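Keeping the supplied structure of chain A fixed, place chain B upon it in accordance with the hints.
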Amino acid sequence: KQEVTQIPAALSVPEGENLVLNCSFTDSAIYNLQWFRQDPGKGLTSLLLIQSSQREQTSGRLNASLDKSSGRSTLYIAASQPGDSATYLCAVLGRDDKIIFGKGTRLHILP
Amino acid sequence: IAGITQAPTSQILAAGRRMTLRCTQDMRHNAMYWYRQDLGLGLRLIHYSNTAGTTGKGEVPDGYSVSRANTDDFPLTLASAVPSQTSVYFCASKRTDYEQLDGYTFGSGTRLTVV
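Here the protein sequences line up with chains A and B, keeping their order. Okay, so the first sequence: first residue is 123 according to the working numbering, each after it adds one. Okay, so the second sequence: first residue is 4 according to the working numbering, each after it adds one.
All the given hints hold, so there is nothing to weed out.
Straight-line distance between alpha carbons at most 20 Å, and here's what the computed DMTMM-like set of lysine to aspartate or glutamate pairs gives: (1) A/K164 - B/D41; (2) B/K60 - A/D218; (3) B/K60 - A/E125.
Going by beta-carbon spacing under 10 Å, a handful of chain A positions derived as facing chain B: (4) V126; (5) I222; (6) G224.
Per label pair, the in silico range of CB-to-CB distance: (7) A/G182 - B/N73: 34 to 42 Å; (8) A/G182 - B/A72: 38 to 46 Å; (9) A/K220 - B/G66: 16 to 24 Å; (10) A/G205 - B/T12: 22 to 30 Å; (11) A/S191 - B/Q14: 43 to 51 Å; (12) B/G66 - A/E178: 35 to 43 Å.
In case anyone wonders, no lab produced these hints; they're calculated from the structure. Treat the numbers as computed from the prediction; the structure is a model and nothing was measured. Note that CB positions come from ideal geometry on N, CA and C, so glycine has one too.
Extracted from the complex, chain A is given alone in its bound form (with noise of 0.2 Å):
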């Protein structure tokens, strides 16, 4: 049964840094993997898609890798800003057509 698990859980870092969240999953399998944003209160808003043959997807400040063969994948986020305060989830598309969810990460950008 595919685990999706997002460390950490919450994360303050300041204005301006660079930063990585971490996504990692345990069967290999899969079609893609999505990362989305989710602001309080709100619904899921999709950053980055990456299908399984790709290992890496950039949109903005930000870039998504994936390593499937050791079942990780990075969202890295350049130069954070307040607006980027929210819960990032990621989620795999497995062989059988069903998503799996990772718990997110609540990032808190510092002014």
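Coordinates of chain B only, in the frame set by chain A:
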């Protein structure tokens, strides 16, 4: 704007009452999903539908039912609500094809409180 619409946005419901959460998408996505999100437990799949006319059970299906009469709509029904069904419910959709290229689109959620 293309996307998923959920209604209501929030609801307080007496235990034992019946409630249907509505979900409509205008992207012609094949697959639709219902998740509940609870503090400390993350997102858990309740029911899903890979295409109109078919449905399947997810991780926590008990106490819930769904139907998929057409591509756009995927309502979730609580036949007799209980306090443990207090949660935030998210509907999601995805275009499915052999390449599995697409990611998921989520609605903005329904916050349900059963008292």
